[in-house]
Amino acid sequence: ETGVTQTPRHLVMGMTNKKSLKCEQHLGHNAMYWYKQSAKKPLELMFVYNFKEQTENNSVPSRFSPECPNSSHLFLHLHTLQPEDSALYLCASSQDGDNTGELFFGEGSRLTVL
Amino acid sequence: GQSLEQPSEVTAVEGAIVQINCTYQTSGFNGLFWYQQHAGEAPTFLSYNVLDGLEEKGRFSSFLSRSKGYSYLLLKELQMKDSASYFCAVRYSGAGSYQLTFGKGTKLSVIP
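Protein chains in written order, with my numbering: chain A, 1 to 114; chain B, 1001 to 1112.
It is possible that some hints are incorrect.
[Claimed, not checked] Quick list of in silico lysine to aspartate or glutamate cross-link-like pairs, EDC-like style, CA-CA up to 16 Å: (1) A:40 / B:1009; (2) B:1076 / B:1005; (3) B:1081 / B:1041; (4) B:1076 / B:1052; (5) A:22 / A:84; (6) A:40 / A:85; (7) B:1104 / A:67; (8) A:41 / B:1005; (9) B:1081 / B:1005; (10) B:1107 / B:1041; (11) A:41 / B:1009; (12) A:41 / A:84; (13) A:40 / A:84; (14) B:1057 / B:1077; (15) A:40 / B:1005.
What the hints contain is simulated information worked out from the structure, not anything from laboratory work.
Let the sequences and hints guide you as you build the complete structure.
What follows is the structure in structure tokens.
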């Protein structure tokens, strides 16, 4: 238990569906992140939120839409995805300003796009 | 930009010592992390180095040489449960905040 909870753990969707991934952190952190993990590739940073404000968008296609209603919750809204978007989507949180600023990861949402 | 290189796979014997290397190139360097990820689980923090030298934490140690852009993770007295993927990641300053770039990970297999 890392203090970061992601739902659903597994999701299968068609290319025309709309779905959302949810992340909740119970650590009192002020920064939250979405990462994409594909086989044989490094973890790719998608979005960063600091104090609910989006500070990074690493050239992510608009079919991925993040939402951060408060510092404990983070969503990733998915719309008209492509098969190559199939991957493990990891949420993480950290306390900006801490000495190490280590990331605490959730267990991920495994997405399959048909 | 940032780049990291680490071996894709390493195999070692239970009870032995294994070293996983990581070389990196980055600007605005602000520390190097090692994370462990068991299959189907979340990555978990192992170590953080920002100054040159060796940091020891139980069976795990991590070394950093900033001038060489080099780090390694040393695992002693290997146990079967150490079989996992190990990622190095550099933190750098950019766009007014710190960000992490990860390597592709090294899959460690511990055999009896």
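Verification of the supplied hints:
1. Annotation: proposed proximity of residue 40 (chain A) to residue 1009 (chain B) holds, straight-line Cα distance about 11 Å (limit 16 Å).
2. Straight-line distance between C-alpha atoms of residue 1076 (chain B) and residue 1005 (chain B) comes to about 22 Å, which puts the hinted pair past the 16 Å bound.
3. With a C-alpha separation of about 13 Å, the suggested pair residue 1081 (chain B) and residue 1041 (chain B) falls inside the 16 Å cut-off, and the hint holds.
4. With a CA separation close to 21 Å, the supplied pair residue 1076 (chain B) and residue 1052 (chain B) exceeds the 16 Å bound.
5. At roughly 21 Å between alpha-carbon atoms, residue 22 (chain A) and residue 84 (chain A) are farther apart than 16 Å, so this suggested pair is violated.
6. Distance hint between residue 40 (chain A) and residue 85 (chain A) is fulfilled; the C-alpha atoms sit about 14 Å from each other, no more than 16 Å.
7. For the proposed pair residue 1104 (chain B) and residue 67 (chain A), the alpha carbon gap of about 28 Å is over 16 Å, so the pair is violated.
8. Our distance criterion of 16 Å between C-alpha atoms is met by residue 41 (chain A) and residue 1005 (chain B), whose separation comes to about 12 Å.
9. For the suggested pair residue 1081 (chain B) and residue 1005 (chain B), the alpha carbons sit about 24 Å apart, so the restraint of at most 16 Å is broken.
10. For a cut-off of 16 Å, the pair hint linking residue 1107 (chain B) to residue 1041 (chain B) stands: about 14 Å separates their Cα positions.
11. The suggested pairing of residue 41 (chain A) with residue 1009 (chain B) holds, with an alpha-carbon distance near 13 Å, which does not exceed 16 Å.
12. For the proposed pair residue 41 (chain A) and residue 84 (chain A), the alpha carbon gap of about 13 Å is at most 16 Å, so the pair holds.
13. Between the alpha carbons of residue 40 (chain A) and residue 84 (chain A) the distance comes to roughly 14 Å, so the proposed pair stays at or under 16 Å and holds.
14. Proposed proximity of residue 1057 (chain B) and residue 1077 (chain B) is supported: the alpha carbons are some 13 Å apart, at most 16 Å.
15. Proximity of residue 40 (chain A) to residue 1005 (chain B) is assessed by CA-CA distance (about 13 Å); at most 16 Å being required, the pair is judged to hold.
In summary, the structure is inconsistent with hints 2, 4, 5, 7, 9 from the numbered list given earlier, while agreeing with the others.
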